[in-house]
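The primary structure of each chain is shown beneath.
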Amino acid sequence: MEFLRNWVVNIVITMIFVTIVEIMMPSGSTRKYISLVIGLMVMFVIINPVLTLMAGDFDFGSRVYETSRSIALGDVNYRMGKLENSSREGVIKLYKNSLEQQIAKDIENKGLGKVQAEVRIEERHDAQDFGSITGIRVVITDTADRDGAGGIEKVDRIKVKVGDGTGQPGIHDESMQQEIAKYLAGTYQLPEERIEVVLP
Amino acid sequence: MEIIQIVAISIIAVILAVVIRQYRPELALQISVVTGLLIFLVVIFKMASVLDALRTFTGRMNIDTVYISTIFRIVGIAYIAEFGAQVCKDAGENSIASKIELAGKVIILVLAVPILMALMELIMEIIP
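Which chain is which? The protein sequence lines are A and B, in order.
Counting in the numbering used here, the first sequence runs from 1 upward without gaps.
Counting in the numbering used here, the second sequence runs from 1 upward without gaps.
I should point out that these hints are in silico values taken from the structure, not numbers from a laboratory.
Treat the hints with care, since some could be wrong.
Partial chain B-side listing against chain A, Cβ under 8 Å, derived [what the hints assert, rightly or not]: (1) F57; (2) T70; (3) E125.
Take a look, some chain B residues computed to stay more than 10 Å from chain A by CB distance [to be verified]: (4) L16; (5) R24; (6) L38.
Beta carbons: idealized from backbone N, C-alpha and C, even for Gly.
Whole structure, please, built from the sequences with the hints as guidance.
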């Protein structure tokens, strides 16, 4: 008899509670969502005695807590992953930039005017050689006059013949290209075929 | 009588806003926001006492308190989202208002889903 009394009291209190909450609800579009949760609560209160009879000691609060914790954990993990990725990308970018600047400076010090360097590195985090250089592309944008600095000969202006589209580089260009490639290959321990030197 | 205070504040704010809107529409919006906050502040303490009474009332029930606290939280989120959305609508920014409402709905669902899942588990458990 006691459990019947409890059941009825529960339902009565729930109904009063639900009525008050319905009065308090804001009138906008979120009303439906509050009603959903209230409906769940009413359902739970009504079937509660059946549940205790059949499922025994079911700790409802801890189940709810567990699910909400897993949702929060997923959220935190997602944010952490994003943060980690962005910081890793930043580090790779910084590394690449400083390498490029160093290469450009090295070649410029040889007296070759303005140099633009592009470095490709292994960016996959799980790769064994993560961070190693996979290729270098050097574009010499402007040949300056040199006064004996370095051992590279001055580059002559390339004359483009109309109608001859193959554009074979001159002998000077080729030797300079080779020299730069050799120098970079030696400095960064890279096979020479992975280095591309583009002259103006 | 708080209601007289609230209505007086509101009427003064409305008159001010209507007068100012012709010259400086951006200030009229600020007046409406501040008035809304003032009314909210006056009422929120009353609301807190009502909620306390409700809490002691539902304490006599022998069901989990997780329901009651979740419902209170959801009502609070709904109120705050509604307040923000109304301010945005007043300023003519309907799209931002709908985004606020969307955010409120998502957060409410995040709170509601664990209850739903637990109830599902419970029902699955009692079905042989």
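Here's how the hints hold up against the structure:
1. F57: Hint holds; F57 (chain B) Cβ to chain A Cβ min 7 Å, cut 8 Å.
2. T70: holds (6 Å)
3. E125: holds (5 Å)
4. L16: With a cut-off of 10 Å, L16 (chain B) remains clear of chain A, as the shortest Cβ separation is near 26 Å.
5. R24: Non-interface label stands for R24 (chain B): nearest chain A Cβ at 29 Å, farther than 10 Å.
6. L38: With a cut-off of 10 Å, L38 (chain B) remains clear of chain A, as the shortest Cβ separation is near 18 Å.
Hint check: no violations occur; every hint is consistent with the structure.
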